[in-house]
Amino acid sequence: MFHTCVSSGYLWEVSRCYAGRLNARGKETVRCPSASAASNHSVSASSSHQEPFKIAIIGAGFAGVAAAWHVMNAISDDADADSRVINSRPVQLRLYDEKGIAGGASGVAAGLLHPYTPRGKIIWRGTEGVAATIRLVNAAEAAEIALDSGEQAPLPREATRPEVRRRGKSLARRKGAVRLARTLKQARVLGAFGPVSAEMGGQGVCLNAEATRELLPGISVPAEVEYDKNIRCDYVRPRTRVSRGKTNHSGGRREAMMGERQISSAAALYIPECIVLDTIRYLSALWDATRLLARSSSVPKGTAAYFRKRTFISLRNDEDLQDCDAIIVACGAAAGSISELSEAGELPYQLQGGHVVELVPSDEASGLKAWGDDMPGILGSPYIAPLGPERLLVGTTKEYNVSIADARSAGAVSAAEKGQRAQAALHAATKLMDASAAIFPPLSSMRVDITRYGVRANPPRRREGSLPLIGRIKERGGQVSPRTRNRPSARNCSPTYWFVGGLGARGLVYHGILGELVARAALTNEPDIIPDELRFDPEYGGV
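Residues are numbered in this note's numbering as their position in the sequence shown, beginning at 1, plus a constant of 537.
I should point out that these hints are in silico values taken from the structure, not numbers from a laboratory.
You can take every hint at face value.
So the derived label-pair ranges between C-beta atoms look like this:
id, residue 1, residue 2, range
1, Y937, S899, 30 to 36 Å
2, S834, G1002, 38 to 44 Å
3, H964, E1001, 32 to 38 Å
4, A942, R998, 24 to 30 Å
Within a straight-line C-alpha distance of at most 27 Å, the following computed DSSO-like cross-link-like pairs (lysine-lysine) qualify:
id, residue 1, residue 2
5, K955, K935
6, K722, K658
7, K955, K968
8, K1011, K591
9, K846, K636
10, K636, K706
11, K935, K658
12, K846, K591
13, K712, K658
14, K846, K955
15, K722, K968
16, K838, K591
17, K636, K955
18, K935, K636
19, K968, K935
Built from N, CA and C at the ideal position, the CB exists for glycine as well.
Build the full structure now, drawing on both the sequences and the hints.
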(Lines of atoms letter the chains of each structure in order from A and count residues from 1; the text may use other names and numbers.)
(Lines give C-alpha, C1' and ligand atoms only; values in the text may rest on other atoms or scores of the structure.)
Protein backbone atom coordinates (compact mmCIF):
# COMPACT_ATOMS: atom_id res chain seq x y z
CA MET A 1 0.00 0.00 0.00
CA PHE A 2 1.31 3.41 -0.92
CA HIS A 3 0.49 6.97 0.06
CA THR A 4 0.86 9.49 -2.75
CA CYS A 5 1.39 13.20 -2.25
CA VAL A 6 1.89 15.82 -4.94
CA SER A 7 4.51 18.55 -4.72
CA SER A 8 5.54 20.83 -7.58
CA GLY A 9 4.08 18.47 -10.14
CA TYR A 10 6.02 15.42 -8.93
CA LEU A 11 4.41 12.34 -7.44
CA TRP A 12 6.24 11.01 -4.44
CA GLU A 13 5.62 7.34 -3.81
CA VAL A 14 6.46 6.53 -0.22
CA SER A 15 5.86 3.19 1.40
CA ARG A 16 4.01 2.56 4.60
CA CYS A 17 5.33 0.05 7.12
CA TYR A 18 4.85 -3.47 5.72
CA ALA A 19 3.45 -6.33 7.71
CA GLY A 20 4.32 -9.16 5.31
CA ARG A 21 7.54 -10.90 4.41
CA LEU A 22 9.99 -8.57 2.70
CA ASN A 23 12.36 -9.22 -0.17
CA ALA A 24 15.71 -7.49 -0.81
CA ARG A 25 13.90 -4.44 -2.19
CA GLY A 26 12.06 -3.95 1.08
CA LYS A 27 8.68 -4.93 -0.38
CA GLU A 28 6.20 -7.68 0.27
CA THR A 29 6.86 -10.78 -1.78
CA VAL A 30 3.19 -10.85 -2.80
CA ARG A 31 2.83 -8.48 -5.71
CA CYS A 32 0.43 -5.57 -5.41
CA PRO A 33 -1.39 -4.18 -8.49
CA SER A 34 1.09 -1.32 -8.94
CA ALA A 35 4.01 -3.77 -9.00
CA SER A 36 2.19 -5.92 -11.54
CA ALA A 37 1.67 -2.86 -13.70
CA ALA A 38 5.39 -2.18 -13.56
CA SER A 39 6.05 -5.54 -15.18
CA ASN A 40 4.73 -4.06 -18.42
CA HIS A 41 8.06 -2.22 -18.61
CA SER A 42 10.16 -5.37 -18.30
CA VAL A 43 13.83 -5.18 -19.19
CA SER A 44 14.71 -5.64 -22.82
CA ALA A 45 16.49 -8.89 -23.65
CA SER A 46 18.84 -6.94 -25.89
CA SER A 47 20.17 -4.82 -23.02
CA SER A 48 23.27 -6.99 -22.60
CA HIS A 49 25.00 -5.44 -25.63
CA GLN A 50 24.04 -1.83 -24.90
CA GLU A 51 26.59 0.59 -23.51
CA PRO A 52 26.08 1.02 -19.73
CA PHE A 53 24.81 4.25 -18.24
CA LYS A 54 27.54 5.21 -15.76
CA ILE A 55 26.76 7.05 -12.53
CA ALA A 56 29.23 8.16 -9.86
CA ILE A 57 28.03 9.10 -6.37
CA ILE A 58 30.52 10.99 -4.19
CA GLY A 59 29.66 10.46 -0.55
CA ALA A 60 28.48 7.29 1.23
CA GLY A 61 26.31 8.82 3.95
CA PHE A 62 22.53 9.00 4.16
CA ALA A 63 21.98 10.84 0.87
CA GLY A 64 24.61 8.96 -1.15
CA VAL A 65 23.65 5.41 -0.16
CA ALA A 66 19.93 6.18 -0.49
CA ALA A 67 20.55 7.55 -3.99
CA ALA A 68 22.50 4.41 -4.91
CA TRP A 69 19.66 2.12 -3.79
CA HIS A 70 17.07 4.19 -5.63
CA VAL A 71 19.13 4.11 -8.84
CA MET A 72 19.06 0.31 -8.78
CA ASN A 73 15.43 0.13 -7.73
CA ALA A 74 14.42 2.52 -10.54
CA ILE A 75 15.80 0.24 -13.26
CA SER A 76 14.45 -2.95 -11.72
CA ASP A 77 11.50 -4.54 -13.52
CA ASP A 78 10.07 -5.33 -10.07
CA ALA A 79 9.90 -1.64 -9.14
CA ASP A 80 6.54 -0.01 -8.64
CA ALA A 81 5.12 1.64 -11.74
CA ASP A 82 5.63 5.19 -10.50
CA SER A 83 9.19 4.50 -9.30
CA ARG A 84 10.32 2.79 -12.48
CA VAL A 85 12.54 4.59 -14.98
CA ILE A 86 11.98 3.02 -18.40
CA ASN A 87 15.50 2.36 -19.57
CA SER A 88 16.76 -0.88 -21.07
CA ARG A 89 20.43 0.09 -20.66
CA PRO A 90 22.43 -1.50 -17.86
CA VAL A 91 23.73 0.84 -15.17
CA GLN A 92 27.22 0.84 -13.71
CA LEU A 93 27.18 2.64 -10.37
CA ARG A 94 30.29 3.68 -8.48
CA LEU A 95 29.98 4.88 -4.89
CA TYR A 96 32.94 6.83 -3.48
CA ASP A 97 33.80 8.02 0.02
CA GLU A 98 37.14 8.89 1.58
CA LYS A 99 36.22 7.25 4.91
CA GLY A 100 33.94 4.40 3.93
CA ILE A 101 30.23 3.69 4.32
CA ALA A 102 28.79 6.01 7.01
CA GLY A 103 32.28 7.26 7.76
CA GLY A 104 31.22 10.89 8.21
CA ALA A 105 28.41 12.64 10.05
CA SER A 106 25.84 9.97 9.09
CA GLY A 107 27.74 7.44 11.20
CA VAL A 108 27.57 9.79 14.19
CA ALA A 109 23.83 10.47 13.87
CA ALA A 110 21.47 9.49 16.68
CA GLY A 111 19.40 7.19 14.47
CA LEU A 112 16.15 8.36 16.08
CA LEU A 113 13.65 8.26 13.20
CA HIS A 114 10.49 10.30 13.81
CA PRO A 115 8.66 13.26 12.20
CA TYR A 116 8.53 15.68 15.17
CA THR A 117 10.19 18.99 16.05
CA PRO A 118 11.43 19.55 19.63
CA ARG A 119 8.10 21.29 20.31
CA GLY A 120 6.08 18.25 19.28
CA LYS A 121 5.03 19.54 15.86
CA ILE A 122 5.16 17.51 12.64
CA ILE A 123 7.93 18.81 10.37
CA TRP A 124 7.42 19.60 6.68
CA ARG A 125 6.60 16.35 4.86
CA GLY A 126 7.61 14.56 8.03
CA THR A 127 5.27 11.58 7.85
CA GLU A 128 6.04 11.06 4.15
CA GLY A 129 9.75 11.28 4.85
CA VAL A 130 9.56 8.71 7.64
CA ALA A 131 7.58 6.36 5.39
CA ALA A 132 10.19 6.71 2.63
CA THR A 133 12.97 5.94 5.12
CA ILE A 134 11.08 2.92 6.47
CA ARG A 135 11.05 1.54 2.94
CA LEU A 136 14.85 1.72 2.92
CA VAL A 137 15.08 0.25 6.43
CA ASN A 138 12.94 -2.69 5.28
CA ALA A 139 15.23 -3.23 2.30
CA ALA A 140 18.34 -3.08 4.51
CA GLU A 141 16.91 -5.52 7.05
CA ALA A 142 15.81 -7.92 4.32
CA ALA A 143 19.28 -7.87 2.76
CA GLU A 144 20.99 -8.49 6.10
CA ILE A 145 18.68 -11.40 6.90
CA ALA A 146 19.06 -12.92 3.42
CA LEU A 147 22.85 -12.78 3.61
CA ASP A 148 23.05 -14.03 7.20
CA SER A 149 20.73 -16.98 6.53
CA GLY A 150 22.44 -18.02 3.31
CA GLU A 151 19.30 -17.33 1.24
CA GLN A 152 21.52 -15.02 -0.83
CA ALA A 153 25.04 -16.00 -1.85
CA PRO A 154 27.74 -13.92 -0.12
CA LEU A 155 28.66 -10.65 -1.76
CA PRO A 156 32.26 -10.13 -2.88
CA ARG A 157 34.38 -8.62 -0.14
CA GLU A 158 35.17 -4.95 -0.75
CA ALA A 159 38.73 -4.48 0.44
CA THR A 160 38.26 -0.75 1.06
CA ARG A 161 35.13 -1.23 3.15
CA PRO A 162 35.51 -1.59 6.94
CA GLU A 163 33.87 -4.39 8.88
CA VAL A 164 30.57 -3.46 10.53
CA ARG A 165 30.24 -4.03 14.23
CA ARG A 166 27.00 -5.76 15.26
CA ARG A 167 25.97 -3.72 18.30
CA GLY A 168 22.47 -5.07 18.84
CA LYS A 169 20.05 -7.83 17.89
CA SER A 170 18.91 -5.90 14.81
CA LEU A 171 19.77 -2.70 12.98
CA ALA A 172 16.35 -1.21 13.86
CA ARG A 173 14.77 -1.07 17.32
CA ARG A 174 11.00 -0.48 17.19
CA LYS A 175 10.22 0.55 20.77
CA GLY A 176 9.45 4.24 20.28
CA ALA A 177 10.96 7.29 21.95
CA VAL A 178 10.02 9.89 24.55
CA ARG A 179 10.44 13.66 24.40
CA LEU A 180 10.81 14.79 28.02
CA ALA A 181 9.69 18.17 29.34
CA ARG A 182 12.60 19.59 31.33
CA THR A 183 10.85 22.87 32.19
CA LEU A 184 7.30 24.00 32.85
CA LYS A 185 7.31 25.87 29.54
CA GLN A 186 8.26 22.74 27.63
CA ALA A 187 5.50 20.78 29.39
CA ARG A 188 2.89 23.24 28.22
CA VAL A 189 4.28 23.35 24.68
CA LEU A 190 4.23 19.54 24.38
CA GLY A 191 0.72 19.45 25.80
CA ALA A 192 -0.44 22.00 23.24
CA PHE A 193 1.17 20.59 20.11
CA GLY A 194 0.93 16.85 20.80
CA PRO A 195 -2.80 16.63 19.97
CA VAL A 196 -2.35 18.92 16.95
CA SER A 197 0.32 16.59 15.55
CA ALA A 198 -1.97 13.59 16.13
CA GLU A 199 -4.43 15.13 13.68
CA MET A 200 -1.63 15.43 11.10
CA GLY A 201 -0.76 11.74 11.13
CA GLY A 202 1.51 11.49 14.15
CA GLN A 203 0.91 8.86 16.81
CA GLY A 204 2.37 10.82 19.73
CA VAL A 205 0.69 10.52 23.14
CA CYS A 206 1.02 13.10 25.94
CA LEU A 207 1.96 11.54 29.29
CA ASN A 208 1.87 12.67 32.89
CA ALA A 209 4.77 12.00 35.28
CA GLU A 210 3.42 8.64 36.48
CA ALA A 211 3.01 7.27 32.96
CA THR A 212 6.46 8.56 32.02
CA ARG A 213 8.02 6.59 34.88
CA GLU A 214 6.16 3.46 33.82
CA LEU A 215 7.80 3.68 30.41
CA LEU A 216 11.21 4.70 31.77
CA PRO A 217 11.76 3.36 35.30
CA GLY A 218 14.35 5.52 37.01
CA ILE A 219 13.76 8.63 34.88
CA SER A 220 14.09 12.01 36.59
CA VAL A 221 11.03 14.28 36.28
CA PRO A 222 11.56 17.93 37.35
CA ALA A 223 9.39 18.94 40.32
CA GLU A 224 7.89 21.93 38.53
CA VAL A 225 6.73 19.64 35.73
CA GLU A 226 5.47 16.86 37.98
CA TYR A 227 3.28 19.16 40.06
CA ASP A 228 1.99 21.42 37.30
CA LYS A 229 -1.75 21.71 37.93
CA ASN A 230 -2.48 21.59 34.19
CA ILE A 231 -1.01 18.12 33.77
CA ARG A 232 -3.97 15.78 33.85
CA CYS A 233 -4.32 12.10 33.06
CA ASP A 234 -2.64 10.73 29.96
CA TYR A 235 -3.86 12.27 26.75
CA VAL A 236 -5.35 9.54 24.59
CA ARG A 237 -5.49 10.21 20.88
CA PRO A 238 -9.19 10.66 20.02
CA ARG A 239 -10.86 8.29 17.62
CA THR A 240 -12.49 11.28 15.98
CA ARG A 241 -10.64 12.88 13.08
CA VAL A 242 -11.41 16.42 12.00
CA SER A 243 -11.04 17.65 8.42
CA ARG A 244 -12.05 21.07 7.12
CA GLY A 245 -14.07 21.73 10.25
CA LYS A 246 -16.16 18.55 9.93
CA THR A 247 -16.17 15.37 11.95
CA ASN A 248 -15.15 12.28 9.98
CA HIS A 249 -16.57 9.76 12.45
CA SER A 250 -19.49 9.89 14.83
CA GLY A 251 -18.93 11.48 18.22
CA GLY A 252 -16.72 14.39 19.29
CA ARG A 253 -16.54 17.99 18.17
CA ARG A 254 -13.79 20.32 17.05
CA GLU A 255 -14.63 22.84 19.77
CA ALA A 256 -14.30 20.22 22.51
CA MET A 257 -10.91 19.08 21.18
CA MET A 258 -9.64 22.64 20.99
CA GLY A 259 -10.74 23.30 24.55
CA GLU A 260 -8.91 20.20 25.78
CA ARG A 261 -5.70 21.36 24.13
CA GLN A 262 -5.76 24.76 25.71
CA ILE A 263 -5.70 23.50 29.29
CA SER A 264 -3.41 20.46 29.03
CA SER A 265 0.32 20.07 29.71
CA ALA A 266 2.54 17.03 29.39
CA ALA A 267 5.47 15.64 31.35
CA ALA A 268 6.51 13.88 28.14
CA LEU A 269 5.43 13.17 24.60
CA TYR A 270 5.64 9.44 23.85
CA ILE A 271 6.24 8.73 20.14
CA PRO A 272 5.50 5.02 19.60
CA GLU A 273 6.28 5.15 15.87
CA CYS A 274 9.90 6.24 16.47
CA ILE A 275 12.52 3.73 15.29
CA VAL A 276 16.07 3.72 16.65
CA LEU A 277 18.60 2.80 13.96
CA ASP A 278 22.20 1.78 14.27
CA THR A 279 23.10 4.14 11.43
CA ILE A 280 26.46 2.56 10.56
CA ARG A 281 24.97 -0.91 10.36
CA TYR A 282 21.86 0.38 8.55
CA LEU A 283 23.78 2.16 5.78
CA SER A 284 26.11 -0.80 5.34
CA ALA A 285 23.12 -3.15 4.99
CA LEU A 286 21.40 -0.73 2.58
CA TRP A 287 24.51 -0.75 0.40
CA ASP A 288 24.40 -4.56 0.49
CA ALA A 289 20.76 -4.36 -0.63
CA THR A 290 21.90 -2.16 -3.52
CA ARG A 291 24.55 -4.68 -4.55
CA LEU A 292 22.05 -7.54 -4.32
CA LEU A 293 19.74 -5.64 -6.65
CA ALA A 294 22.61 -4.97 -9.05
CA ARG A 295 23.35 -8.68 -9.44
CA SER A 296 19.70 -9.79 -9.60
CA SER A 297 17.84 -10.84 -12.74
CA SER A 298 15.39 -7.97 -12.39
CA VAL A 299 17.87 -5.37 -13.72
CA PRO A 300 19.43 -5.19 -17.21
CA LYS A 301 22.30 -7.58 -17.77
CA GLY A 302 25.63 -5.86 -17.26
CA THR A 303 24.44 -3.76 -14.31
CA ALA A 304 26.94 -3.47 -11.46
CA ALA A 305 27.58 -1.50 -8.25
CA TYR A 306 31.02 -0.86 -6.74
CA PHE A 307 32.41 1.00 -3.77
CA ARG A 308 35.76 2.76 -3.81
CA LYS A 309 37.46 4.54 -0.93
CA ARG A 310 39.07 7.73 -2.19
CA THR A 311 39.07 11.55 -2.04
CA PHE A 312 37.97 13.99 -4.74
CA ILE A 313 39.17 17.56 -5.10
CA SER A 314 37.76 18.19 -8.59
CA LEU A 315 34.98 16.86 -10.79
CA ARG A 316 36.12 18.00 -14.21
CA ASN A 317 39.78 16.95 -13.89
CA ASP A 318 39.44 13.54 -12.26
CA GLU A 319 40.14 10.51 -14.44
CA ASP A 320 37.66 8.30 -12.57
CA LEU A 321 34.82 10.60 -13.61
CA GLN A 322 35.67 11.17 -17.26
CA ASP A 323 33.45 8.38 -18.61
CA CYS A 324 30.42 9.14 -16.42
CA ASP A 325 26.98 10.06 -17.73
CA ALA A 326 25.90 11.53 -14.38
CA ILE A 327 27.70 12.52 -11.18
CA ILE A 328 25.97 13.07 -7.84
CA VAL A 329 27.80 15.07 -5.16
CA ALA A 330 26.46 13.93 -1.77
CA CYS A 331 29.43 14.36 0.56
CA GLY A 332 27.72 16.57 3.15
CA ALA A 333 29.83 19.07 5.06
CA ALA A 334 32.89 18.15 2.96
CA ALA A 335 31.25 19.24 -0.32
CA GLY A 336 33.00 22.60 -0.14
CA SER A 337 36.36 20.85 -0.55
CA ILE A 338 35.50 20.09 -4.19
CA SER A 339 36.93 22.88 -6.29
CA GLU A 340 33.93 23.42 -8.57
CA LEU A 341 31.61 23.95 -5.61
CA SER A 342 34.04 26.24 -3.81
CA GLU A 343 34.40 28.28 -7.01
CA ALA A 344 30.63 28.76 -7.06
CA GLY A 345 30.83 30.68 -3.79
CA GLU A 346 29.99 29.78 -0.23
CA LEU A 347 27.38 27.04 0.02
CA PRO A 348 24.27 28.26 1.89
CA TYR A 349 24.60 26.12 4.97
CA GLN A 350 26.28 26.33 8.36
CA LEU A 351 28.70 23.69 9.58
CA GLN A 352 28.12 22.29 13.06
CA GLY A 353 30.37 19.81 14.83
CA GLY A 354 29.41 17.41 17.56
CA HIS A 355 30.55 14.44 19.64
CA VAL A 356 28.58 11.36 20.64
CA VAL A 357 29.51 8.54 23.00
CA GLU A 358 28.61 4.88 23.23
CA LEU A 359 28.05 3.73 26.80
CA VAL A 360 28.43 0.19 28.13
CA PRO A 361 28.20 -1.25 31.68
CA SER A 362 31.29 -0.32 33.68
CA ASP A 363 31.42 -3.68 35.45
CA GLU A 364 30.45 -6.79 33.48
CA ALA A 365 30.37 -8.85 36.67
CA SER A 366 27.57 -6.69 38.07
CA GLY A 367 25.25 -7.85 35.29
CA LEU A 368 23.71 -4.39 35.01
CA LYS A 369 21.13 -4.22 32.26
CA ALA A 370 20.79 -0.47 31.96
CA TRP A 371 18.06 -0.43 29.35
CA GLY A 372 15.12 -2.83 29.36
CA ASP A 373 14.06 -4.55 26.15
CA ASP A 374 10.82 -2.56 26.03
CA MET A 375 12.19 0.82 27.06
CA PRO A 376 11.97 3.58 24.43
CA GLY A 377 14.76 5.97 23.50
CA ILE A 378 14.92 9.55 24.78
CA LEU A 379 14.84 12.59 22.52
CA GLY A 380 16.30 15.96 23.40
CA SER A 381 19.59 17.39 24.52
CA PRO A 382 21.09 15.01 25.37
CA TYR A 383 19.38 12.17 23.53
CA ILE A 384 19.75 8.52 24.54
CA ALA A 385 19.43 5.96 21.74
CA PRO A 386 19.54 2.28 22.77
CA LEU A 387 21.56 0.25 20.26
CA GLY A 388 21.10 -2.84 22.41
CA PRO A 389 20.28 -3.76 26.02
CA GLU A 390 23.78 -2.90 27.20
CA ARG A 391 24.90 -0.30 24.66
CA LEU A 392 23.54 3.23 24.50
CA LEU A 393 24.37 6.06 22.12
CA VAL A 394 24.32 9.45 23.86
CA GLY A 395 24.70 12.81 22.13
CA THR A 396 25.28 15.34 21.05
CA THR A 397 27.45 18.31 21.80
CA LYS A 398 27.05 21.38 19.61
CA GLU A 399 30.22 22.96 18.35
CA TYR A 400 30.36 25.86 15.90
CA ASN A 401 33.20 27.67 14.14
CA VAL A 402 34.19 24.39 12.53
CA SER A 403 35.74 23.99 9.09
CA ILE A 404 35.68 21.62 6.14
CA ALA A 405 38.95 20.19 7.46
CA ASP A 406 37.12 19.31 10.68
CA ALA A 407 34.43 17.56 8.64
CA ARG A 408 37.06 15.42 6.98
CA SER A 409 38.42 14.34 10.38
CA ALA A 410 35.12 12.71 11.37
CA GLY A 411 35.04 9.28 12.96
CA ALA A 412 35.92 7.45 16.15
CA VAL A 413 38.51 9.06 18.44
CA SER A 414 40.99 6.49 19.69
CA ALA A 415 41.64 6.27 23.42
CA ALA A 416 45.36 6.27 22.65
CA GLU A 417 45.13 9.45 20.59
CA LYS A 418 46.87 12.60 21.83
CA GLY A 419 46.50 16.27 21.07
CA GLN A 420 43.68 18.78 20.74
CA ARG A 421 41.27 16.36 19.05
CA ALA A 422 41.62 13.87 21.91
CA GLN A 423 41.19 16.59 24.54
CA ALA A 424 38.02 17.85 22.84
CA ALA A 425 36.64 14.30 22.76
CA LEU A 426 37.40 13.77 26.47
CA HIS A 427 35.73 17.04 27.41
CA ALA A 428 32.66 16.20 25.31
CA ALA A 429 32.39 12.69 26.79
CA THR A 430 32.45 14.05 30.34
CA LYS A 431 29.80 16.63 29.48
CA LEU A 432 27.52 14.03 27.87
CA MET A 433 27.93 11.58 30.75
CA ASP A 434 26.94 14.21 33.31
CA ALA A 435 23.98 15.46 31.28
CA SER A 436 22.59 11.98 30.58
CA ALA A 437 22.98 10.84 34.21
CA ALA A 438 21.05 13.92 35.33
CA ILE A 439 18.10 12.77 33.21
CA PHE A 440 18.47 9.05 33.87
CA PRO A 441 20.53 8.47 37.05
CA PRO A 442 21.23 4.74 36.43
CA LEU A 443 23.57 5.80 33.61
CA SER A 444 26.11 6.96 36.19
CA SER A 445 27.18 3.32 36.55
CA MET A 446 28.11 3.04 32.87
CA ARG A 447 31.33 3.98 31.10
CA VAL A 448 32.29 5.44 27.74
CA ASP A 449 33.37 2.78 25.25
CA ILE A 450 33.64 4.85 22.04
CA THR A 451 33.63 8.57 21.33
CA ARG A 452 32.82 9.72 17.80
CA TYR A 453 33.04 13.10 16.11
CA GLY A 454 31.22 14.43 13.08
CA VAL A 455 30.30 17.65 11.29
CA ARG A 456 26.95 18.19 9.66
CA ALA A 457 25.77 20.84 7.22
CA ASN A 458 22.73 22.73 8.52
CA PRO A 459 20.62 24.28 5.73
CA PRO A 460 19.17 27.80 5.84
CA ARG A 461 15.81 28.16 7.56
CA ARG A 462 12.87 28.83 5.29
CA ARG A 463 9.15 29.33 5.78
CA GLU A 464 8.63 25.55 5.74
CA GLY A 465 11.53 24.93 8.15
CA SER A 466 15.14 23.82 7.74
CA LEU A 467 14.96 21.88 4.48
CA PRO A 468 17.76 20.08 2.62
CA LEU A 469 19.12 21.28 -0.72
CA ILE A 470 19.03 19.44 -4.02
CA GLY A 471 19.56 20.48 -7.62
CA ARG A 472 21.64 20.39 -10.78
CA ILE A 473 25.10 21.90 -10.96
CA LYS A 474 24.94 23.89 -14.18
CA GLU A 475 27.62 23.80 -16.84
CA ARG A 476 29.00 26.63 -18.89
CA GLY A 477 27.60 26.46 -22.41
CA GLY A 478 24.41 24.66 -21.45
CA GLN A 479 23.43 21.04 -20.93
CA VAL A 480 23.59 18.12 -23.33
CA SER A 481 20.07 17.29 -24.44
CA PRO A 482 18.50 14.10 -23.05
CA ARG A 483 18.01 12.62 -26.54
CA THR A 484 21.66 13.12 -27.47
CA ARG A 485 22.84 11.68 -24.17
CA ASN A 486 21.13 8.35 -24.75
CA ARG A 487 23.20 7.60 -27.86
CA PRO A 488 26.47 5.67 -27.39
CA SER A 489 28.20 8.31 -29.55
CA ALA A 490 27.54 10.86 -26.80
CA ARG A 491 30.12 9.24 -24.50
CA ASN A 492 32.53 12.11 -25.10
CA CYS A 493 29.83 14.63 -24.13
CA SER A 494 29.91 16.33 -20.76
CA PRO A 495 28.02 14.52 -17.97
CA THR A 496 25.26 16.02 -15.88
CA TYR A 497 26.17 17.04 -12.33
CA TRP A 498 23.83 16.93 -9.35
CA PHE A 499 24.12 18.21 -5.80
CA VAL A 500 22.33 17.04 -2.65
CA GLY A 501 23.30 18.35 0.77
CA GLY A 502 22.37 20.40 3.79
CA LEU A 503 20.54 17.51 5.43
CA GLY A 504 21.34 18.89 8.89
CA ALA A 505 19.46 17.27 11.75
CA ARG A 506 16.78 15.90 9.40
CA GLY A 507 18.92 13.60 7.30
CA LEU A 508 17.35 10.42 8.65
CA VAL A 509 13.84 11.69 7.86
CA TYR A 510 14.52 13.14 4.42
CA HIS A 511 17.20 10.96 2.85
CA GLY A 512 14.71 8.47 1.42
CA ILE A 513 12.86 11.21 -0.46
CA LEU A 514 16.09 12.95 -1.50
CA GLY A 515 17.65 9.71 -2.72
CA GLU A 516 14.68 8.95 -4.94
CA LEU A 517 14.55 12.49 -6.35
CA VAL A 518 18.24 12.77 -7.22
CA ALA A 519 18.42 9.20 -8.57
CA ARG A 520 15.48 9.82 -10.87
CA ALA A 521 16.87 13.20 -11.95
CA ALA A 522 20.28 11.71 -12.76
CA LEU A 523 18.79 8.84 -14.77
CA THR A 524 16.39 11.02 -16.77
CA ASN A 525 18.17 14.40 -16.81
CA GLU A 526 14.92 16.02 -15.68
CA PRO A 527 15.63 18.69 -13.02
CA ASP A 528 12.00 19.82 -12.99
CA ILE A 529 11.01 16.86 -10.82
CA ILE A 530 12.78 18.53 -7.88
CA PRO A 531 10.25 20.47 -5.73
CA ASP A 532 10.76 24.22 -5.48
CA GLU A 533 10.99 23.97 -1.68
CA LEU A 534 14.20 21.93 -1.98
CA ARG A 535 15.63 23.42 -5.17
CA PHE A 536 19.21 24.68 -5.10
CA ASP A 537 21.28 24.84 -8.28
CA PRO A 538 24.93 25.78 -7.68
CA GLU A 539 26.47 27.25 -10.83
CA TYR A 540 30.05 27.13 -12.01
CA GLY A 541 31.85 27.28 -15.33
CA GLY A 542 34.39 25.17 -17.14
CA VAL A 543 32.86 21.74 -16.59
